[in-house]
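2 protein chains.
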Amino acid sequence: MPVDMGLWRRLKDEAYRRVLEDIEIGYMDSDIVDVILFFFKRKYSFTTSSCSGRITVVDAVMPWKRKDSTVIFKKHSTVSIDDVVKYLSEVPVSRLWLIVTGPIIHVNSAKLSEAREVIKIARDSGFKHSGIMSMGKKGIISELRTGIRIAQLLKDKERLYITRDDLEGILRIFNEALLEGKKRLKRLEENLRRSVS
Amino acid sequence: MPVDMGLWRRLKDEAYRRVLEDIEIGYMDSDIVDVILFFFKRKYSFTTSSCSGRITVVDAVMPWKRKDSTVIFKKHSTVSIDDVVKYLSEVPVSRLWLIVTGPIIHVNSAKLSEAREVIKIARDSGFKHSGIMSMGKKGIISELRTGIRIAQLLKDKERLYITRDDLEGILRIFNEALLEGKKRLKRLEENLRRSVS
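Listed in order, the protein sequences are those of chains A and B.
Numbering of the first sequence is given in this note's numbering, commencing with residue 1 and proceeding in unit increments.
Numbering of the second sequence is given in this note's numbering, commencing with residue 1 and proceeding in unit increments.
Where hints are given, some of them may not hold.
[Stated by the list, open to error] Under 10 angstroms between C-beta atoms, here's a sample of chain B residues computed to sit facing chain A: (1) Met5; (2) Ile141; (3) Arg149; (4) Gln152.
[Said to hold, decoys possible] DSSO-like mimics (lysine-lysine), calculated; alpha carbons at most 30 angstroms apart, straight line: (5) Lys186(A) - Lys41(A); (6) Lys74(A) - Lys128(B); (7) Lys74(A) - Lys157(B); (8) Lys186(A) - Lys67(B).
Note that these hints are calculated values from the structure, not bench results.
Computed from a predicted structure; not experimentally measured.
Glycine included, every Cβ here is placed at the ideal spot set by N, Cα and C.
Just chain A, same shape as in the assembly (with noise of 0.2 angstroms):
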């Protein structure tokens, strides 16, 4: 089932509206926007969905479940105690974690050749769980994302897992985390940059 490319322009069309309204608002990360603006440049990708990395406490029976799961905080940049703290106070309906995710992409690309390019590109800045997802009529889409992740147990309905000073080293270290995706995407927007010019 090859891409329909009248299809896929349309859709790419759509996709940057989208995305210079979602940079207007602000309602886009900052930290983002050049590494999804470039891949817009390239004649045949553009993104879908992206996240330049993040920090969440989220009430879910385990940290992958989506279903009955609450995302309670989020924040793309780090963190401090005072921003988590308080949920430590709380009783969960479920489990609570402190998660820490690396920076995730997605891409739509009209032509193989070139959903391999990105991917290639990917790989070389630390993406180093980059594939392909799905293919069909409306293009060809990429998953980029590191294998940076963590998710740590604070809580339970019977116990809490954590001081207030453990919290403090765990922070730490998750921001190092974090950190360290935001200094791949970085790496991806200057290898990107480098292969439009």
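For chain A, the structure is supplied; the task is to place chain B on it using the hints.
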């Protein structure tokens, strides 16, 4: 760059011999043997590496780092407090992490349509993060993986982040995560059986 079918068949034959040896030696994880053999039964696929899911204790700066990291403990079935509690009294070189990961399988397919079918079967079995990682004359490599993964910081050089009682609670959750991975592996096995016959 299309797949070189002569080379690909040679690689499949070699891989098959290795798998049979590994099974005979008992080296291969018994939870995953049937899944592996079902992949080999497919005309245009075989597996290159696999893990049925495991719980590890790793000494590393960050849980995704391979460099300067040491796997201190590794088990492909549920873990008891006695398996792990001893590591809490040692001082780590860097940081001590308890990690659970779901099953991961690398499949080499000779055709793009086959790679896509394998990924579809995997996704339908709960391997939601599956995708094509590379393509070349040796074949098309897909990684089949779930989102199951928790990394919990246990200890660093300054501080122990966990009590023995906490560890009991955390291991219950880690074992639950491990078993969820095994369940999805079983589902994959059944879906592969159905697709082969």
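Each hint tested on the structure:
At its closest, the beta carbon of Met5(B) sits 19 angstroms from a beta carbon of chain A; the interface hint therefore is violated under the 10 angstroms criterion. A cut of 10 angstroms between beta carbons decides the hint on Ile141(B): the least distance to chain A is about 9 angstroms, and the hint holds. Residue-level restraint check for Arg149(B) holds (minimum Cβ-Cβ distance to chain A is 7 angstroms; threshold 10 angstroms). The interface hint given for Gln152(B) holds, since its Cβ lies 6 angstroms from the closest Cβ of chain A, which is under the 10 angstroms cut-off.
For the hint pairing Lys186(A) with Lys41(A), the CA-to-CA distance comes to about 17 angstroms; that is within 30 angstroms, so the pair holds. Simply put, Lys74(A) and Lys128(B) have alpha-carbon atoms about 23 angstroms apart, close enough for the 30 angstroms limit, and the pair holds. Between Lys74(A) and Lys157(B), the direct Cα distance comes to roughly 29 angstroms. Compliance with the 30 angstroms bound is thereby established for this hinted pair. About 22 angstroms separates the Cα atoms of Lys186(A) and Lys67(B), which keeps this hinted pair within 30 angstroms; it holds.
Hint 1 alone, counting from the list given before, is not met by this structure.
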